[in-house]
Amino acid sequence: MHDVVVVGAGHAGIEAALACARMGHETLVLTLSVDATGRMSCNPAIGGLAKGQIVREIDALGGEMARATDATGIQFRMLNTRKGPAVRSPRAQCDKNLYERHMTRLLSSEPRITLVEDTVEEVRVEGGRAVGVRGRKSDYPARAVILTTGTFLKALQHCGEVKRTGGRIHEPSAERLSDNLRGLGFEVGRLKTGTPARIRRGSIDFDRTKIQHGDPEPVPFSHFTTSLPQPQTVCWITWTGEPAHEIIRANLHRAPMYSGQITSVGPRYCPSIEDKVVRFREKTRHQVFIEPETLDGESMYLNGVSTSTPPDVQEAFIRTIPGLEKAEFLRYGYAVEYDYAPPHQLRPTLETRRVEGLWFAGQINGTSGYEEAGGQGLVAGINAALKLEGRPPFVLRRDEAYIGVMIDDLIRLEHREPYRMFTSRAEYRLLLRSDNADRRLMPHAFALGLLRDRTAFDAREQAIGEAIRELRRSGRDAILRRPEATIDEVLPGLPRAVAGQVEIELKYEGYIRRQEGAVQKFRRLESKIIPEKFNYSRIRHLRFEAREKLERVRPASLGQASRIAGVTPADLQLLMVHLGN
Amino acid sequence: MAGRRSRTSSADADTIVAVATPPGAGLRAVVRLSGPDALAIASGLPGAVLLRGPRTSTREDVAEIHLPSSPPLVRRLLDSVLRRGARPARPGEFTLRAFLSGRIDLAQAEAVEQLISAEGEEERRAAVDQLQGAFSSRVRAIEDQVLDLGADAEAAIDFADQDIEVLPVEEARRRAEQARAALELLLAECASRRILEVRPVVALCGRPNAGKSSLFNALTGGRAIVTDVPGTTRDVLASDVEMGVPVRLLDTAGIQEAHGPDGDAVRRARAAVETADLVLLVVDATESGAREDLLPRGRPGILVRSKCDLAPAAGPSGVDTSARTGQGLDELRRTVGRLLSEGSPGARFRLDLRQKALLHEAREALARSVGGALGLGMEFVALDLRAALDSLGGVTGRNVEEGLLDRIFSRFCLGK
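From first to last, the protein sequence lines are chains A and B. Throughout the first sequence, residue numbering follows our numbering, covering 20 to 600 in sequence. Throughout the second sequence, residue numbering follows our numbering, covering 912 to 1327 in sequence.
No lab work stands behind these hints: they were computed from the structure. Each residue gets a CB set at the ideal place from its N, CA and C atoms; glycine is no exception. Be a bit skeptical, because a hint or two may be false.
[As the list claims (entries may be wrong)] Part of the chain A face toward chain B, derived, beta carbon under 8 Å:
1. K295
2. Q306
3. F441
4. R444
5. A584
6. V596
[As the list claims (entries may be wrong)] Here are the in silico distance ranges between beta carbons for each label pair:
7. A:E236 with B:A1092: 41 to 47 Å
8. A:P502 with B:A1099: 31 to 37 Å
9. A:L203 with B:P1079: 50 to 56 Å
10. A:A497 with B:P1079: 55 to 61 Å
[Claimed, not checked] From the structure, some residues in chain B lie toward chain A, with a derived Cβ separation under 7 Å:
11. G1288
12. N1310
13. F1320
Turn these sequences into a full structure, and let the hints steer you where they fit.
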């Protein structure tokens, strides 16, 4: 019998399993295919706006995604460098094969992890508690179950008129598990996502494209990385034009999203090329990034033209794009539909409300993105471990981490499409920077036992504090606040990891203070706890709509209630009075 | 805007005066003057509030004189104002001036008109609702402006790696300034509207001998105005007191006395309860069957048990008080203050202190966003726009984040 069983070995499953194991629990990872551990189903890249912050947070909490990216990254770029530090985000292309190998090796060598291939068909529940899972080959009893099923629940791929089952190209589907969840009383929905074609490198005329270099001095993702081992490479940019758009328009009736073959909802922020052409008719060209999937391999990813049109249409329109006239297709683009469980059914720990000892993380919660999945996997894993130990749960607040923003959004909002992180979702964006993820979250990791030696951390904190005091005392902080001034002019000789933090904290002090003030206000509302079984019908005058929403979401605090769409300040007042009395 | 001001015709050179409050309905009367001599005429009068144009309801100089709603007092004041050169306004003339000056649109003008002439309480309510509708559509229009700008600013941050047109900082500043000016104008209008300026009304009601009057005296220290409305002998007592926020506290005749000789007084008491922002239902703790469901429908209320020094405290909600020992009075003040300071749930008057504060916050945030664009960068402009949207959203009830994302996705073609 294992302590924990994790179903799925994707980006969520990996972080969940590693957290459980590193916190001392025997962990079984069940996957459809061991070879596909940590597979990048879509874009061979990690990070980007807001997502890069999540990866840094995973790193600060002792997770693996940042280290794996550093170990396998072949092009690093810091985004938004022309703007301030609050909105800078790291992004890296990875060699997807190296990434899979890195993760497989890591899971296989982790002392308390066992990696087994099986298709899970059922969560075993006794007396409202998860007691393990049943796979096709065997039963797996466990004290905690974490489902990280990605796009594999009743997965159906569409490529033009052709449909086939499977969560990823050439891979199977888990056909029974979502029916089992429905049988347990869970609400189950359906979402859609898509991926573009992969083209043979040798068939591309790069002279007709624009080259995109990585940063000359690449910055690693992880706090712990000292050097980046892989050689660095470049990407290329080209554009679609009217000829491509005409072909797509003429063949819309053969695109599953338009023919009615797919009815589930895809993400607005990640539209297929057919969506772009239809919705933005006035745009005469769309950008296409040509990104290598591996350092030296043949497969090139066409970022920007995800599609589910039939192969002949894909060939026709892609070959009108400069540089891709002679494109040879290694794989056609496709759309995939899959089952998910709307996340209002979860607690802030990602444990389900319905079944104790059962956690959901990643795309099963209606999210998209490796980074979003990884962050959830980590939180689910940590909380499963804590629960086994009888320790209090671990919940990140909105003012502490993007991961906190994400989970709070997931459990309290209505979702119309797969959830993706944006910096605009974080109201305390200035505090949740990628440069201070380590300072924000490493103390949690020390307390949880996911990171051990805090000597270096404490020394750095002390140095930062001293430098700030010194500048204040001498009045040089005022000089630093001038837009063009730098820390090296007012206090030279500080180590880089210290100087950067001192500069940001003093330069943006006014804004940071104001956000901190807002956080105080926010925390007061957050600290007003609403009992889980609170009877909303007891509140006279509460509007019907508000009561319905509150009963559905069951917010844990007044703060959470305040962020539910359809709950007005007047409703909150009534609620506050009732809680107060 | 400057062009519209010239629509005020020269025929309006008179200074007009009228009682701005509906006759007999309130406890305080407001006499309003508008026109070139309004300030000169009213200056020095007790209770006068002077508002210089054009940021007034008519864009002219306006004076408001606040006084107890006592007909002899009001008559005396009107006489003296007329002697100083004002002329009585024709029915609806204030509204007409506001409309002609471009200050309000026709729908609002009609609503104001109805508000002034409405006799029945129901009609008055409907008129207020319409006015509010117009008000919130104005707030929404400003919110839309800021949302568009916010979406542009956020897109420039969140999709910096994409092929989208980036908003120039100069344009962001210009548009933020536009929104700020629009809000400024709206605030100026609100400030002169009666419904924003009147203290919230808190009415004590309950059966005869429930302890209302003792409680009233304990809360006011015995200071009361006896409102004198012709044709009645007993009436509503009122006093302006602090209960966390400034309020007007009313002591009404008992609900059960409707069939006695003072039927008219009781009718007025009921009207007072109906217009109150908050009702304190007083029940005698020594009596059994003291029930919360006596609270008037649709009104926010607090159950107050009186004479608790004589009875064991009990009951799941409400405040236990004793006028004799002073028990529970502070708690009652706090509860009232809390309810009113953040808006009165269920009340029809939505332009309350909370909303006013939110609009002020929004204005300040917009002003900061104009400044932020100067020195720092787009993310700081975005931050202040966001703060402005949070405040405006508190008034309109719109969810900022979804509003922003909806706009971003409908305006920009994004994604891999």
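- Item | Unmet hints by their number, sorted upward, for this structure | Hint 10 is the one this structure does not satisfy, whereas the remaining hints hold.
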